Amino acid sequence: MTPKVLKATSFGAVCAIALAFGLAGASAPVAAADPIEPGRFVWRDLMTRDVSAAQRFYGELFGWRFENTKRGDRPYVLARAGGVPVAGIVDVSAIADAGSQWLCFMAVADVDKTVALAQSDGGKILVQPRDLPLARAAVVTDPQGAPLGVAQMRGTIPEPAQPTQGHFFWQEYLAKDGSKALDFYKRLAGYQPVISDSRLGVEYHVLRKARGGAGLFQLPATVVDVEPNWLPYVLVDAPDKLAARVTALGGRIIVPAAPERRNGSLVVIADPGGAPLALQKYPY
Amino acid sequence: MKRPNMVSRVVMLALTLAVALASMSCEGSSGMGVGVGYPTRWGGGTSGPPVFVGGPSF
Chain A
0 MTPKVLKATS
10 FGAVCAIALA
20 FGLAGASAPV
30 AAADPIEPGR
40 FVWRDLMTRD
50 VSAAQRFYGE
60 LFGWRFENTK
70 RGDRPYVLAR
80 AGGVPVAGIV
90 DVSAIADAGS
100 QWLCFMAVAD
110 VDKTVALAQS
120 DGGKILVQPR
130 DLPLARAAVV
140 TDPQGAPLGV
150 AQMRGTIPEP
160 AQPTQGHFFW
170 QEYLAKDGSK
180 ALDFYKRLAG
190 YQPVISDSRL
200 GVEYHVLRKA
210 RGGAGLFQLP
220 ATVVDVEPNW
230 LPYVLVDAPD
240 KLAARVTALG
250 GRIIVPAAPE
260 RRNGSLVVIA
270 DPGGAPLALQ
280 KYPY
Chain B
0 MKRPNMVSRV
10 VMLALTLAVA
20 LASMSCEGSS
30 GMGVGVGYPT
40 RWGGGTSGPP
50 VFVGGPSF
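These protein sequences, in sequence, are chains A and B. Residues in the first sequence are numbered from 0 upward in steps of one, following numbering that gives the first Met the number 0. Residues in the second sequence are numbered from 0 upward in steps of one, following numbering that gives the first Met the number 0.
If you're looking for bench data, these hints aren't it; they were derived computationally from the structure. Only a predicted model underlies this, so the values are computations on that prediction, with no experimental measurement involved. Built from N, CA and C at the ideal position, the CB exists for glycine as well. One should not assume that every hint holds.
[Claimed, not checked] With the Cβ distance kept under 7 Å, some of the chain B side facing chain A (calculated, not the full set):
| # | residue |
| --- | --- |
| 1 | 31 |
| 2 | 32 |
| 3 | 33 |
| 4 | 35 |
| 5 | 39 |
| 6 | 42 |
| 7 | 47 |
| 8 | 54 |
[What the hints assert, rightly or not] Label pairs and their in silico Cβ distance ranges:
| # | chain 1 | residue 1 | chain 2 | residue 2 | range |
| --- | --- | --- | --- | --- | --- |
| 9 | B | 57 | A | 92 | 33 to 41 Å |
| 10 | B | 42 | A | 115 | 49 to 57 Å |
| 11 | B | 4 | A | 210 | 51 to 59 Å |
| 12 | B | 49 | A | 74 | 32 to 40 Å |
| 13 | B | 57 | A | 96 | 23 to 31 Å |
Using the sequences and the hints, build the whole thing.
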């Protein structure tokens, strides 16, 4: 090899390294035109006081695998299903009022405007808008007190054409006041709700955009120990069989499978820390 | 023969570094990781709504 070729090759190598450093360190601006449709749920993080217990539970139950990462100087555990990132786990043991729960993140067009809208409607800001690697994001409570992550995404997140086993695939808003919740989320994300079921006097609203991704219904007045919240759903093949393992793994069954509830295809559980989660077979 | 070997090693090392760093960049962009101090919404978590009509629809 001639010195000329050697010089060119070395230059290429230096460029490759510089490019890699650029990719790793760059803080990309938020895209003006968001490629992810507002209203799509893009991520779920588990807030827990015992990260190790959560890893054991979800690892055994769904076969998730975990990777210790960082968000700034704070630890952040990334959960994968079949190699695909599906969720994060955040240690909130140092936060006095923090309860164990799943926090769902909804894509929005403008996170700052969304936070302002939530606040003007009576919601609260739990985490001010901040720039994260994936998005500019914030956490608010809606007017009925349900916590919600909102994220102005910097890029796209691949979404499987069909729901995948062991992955989150749906979320459901349990409202105290269904009408007010519908009004709020229509304005927040431009949903066009469709009533898909109204048996037993309960209207189930599918919150549609280009495709469904969330549902909403009003809690019966007799339910006193559940406050409005977004309940995340994981797709499973046999919820009743999986539920049998939940207790052994330190979790609890909150709503057991029953024929009158979606033909026995739904189980709502709490993980060892108490975070509720729905296990759903689909189609059912 | 020594020089080409050294060059190809440098190039391979550079490419490996580039792929590793780009991969680290992708890892860093997964998830949110915002800690929230907020009480759970399911009370004691001992019971839920008795009624679950509707459900996922695609």
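The hints, checked one at a time:
Evaluation of the residue 31(B) hint against chain A yields a held restraint, the C-beta minimum of about 5 Å falling below 7 Å. Restraint check, residue 32(B) versus chain A: the minimum CB separation of about 4 Å is within 7 Å; hint holds. The closest approach between the C-beta of residue 33(B) and any C-beta of chain A is roughly 5 Å, which is under the 7 Å cut-off, so the hint is satisfied. With a least beta-carbon distance of about 5 Å to chain A, the hint placing residue 35(B) at the interface is held under the 7 Å criterion.
Of the supplied interface hints, the one on residue 39(B) holds, with its beta-carbon coming within about 3 Å of a beta-carbon of chain A, less than 7 Å. The restraint placing residue 42(B) at the interface with chain A holds, with a minimum CB-CB distance near 3 Å, inside the 7 Å limit. The interface hint given for residue 47(B) is met, as the beta carbon of that residue sits about 4 Å from the closest beta carbon of chain A, less than 7 Å. Contact between residue 54(B) and chain A, as hinted, is supported at the beta carbon level, the nearest pair being about 5 Å apart and thus within 7 Å.
For residue 57(B) and residue 92(A), the Cβ-Cβ distance of about 37 Å falls inside the hinted range of 33 to 41 Å, so the restraint holds. The hinted window of 49 to 57 Å between residue 42(B) and residue 115(A) is violated, with their beta carbons roughly 31 Å apart. The given range of 51 to 59 Å is respected by residue 4(B) and residue 210(A), whose C-beta atoms sit roughly 55 Å from each other. Between residue 49(B) and residue 74(A), the C-beta spacing of about 39 Å keeps the proposed range 32 to 40 Å intact.
Between residue 57(B) and residue 96(A) the beta carbons are some 36 Å apart, a value that contradicts the proposed interval 23 to 31 Å.
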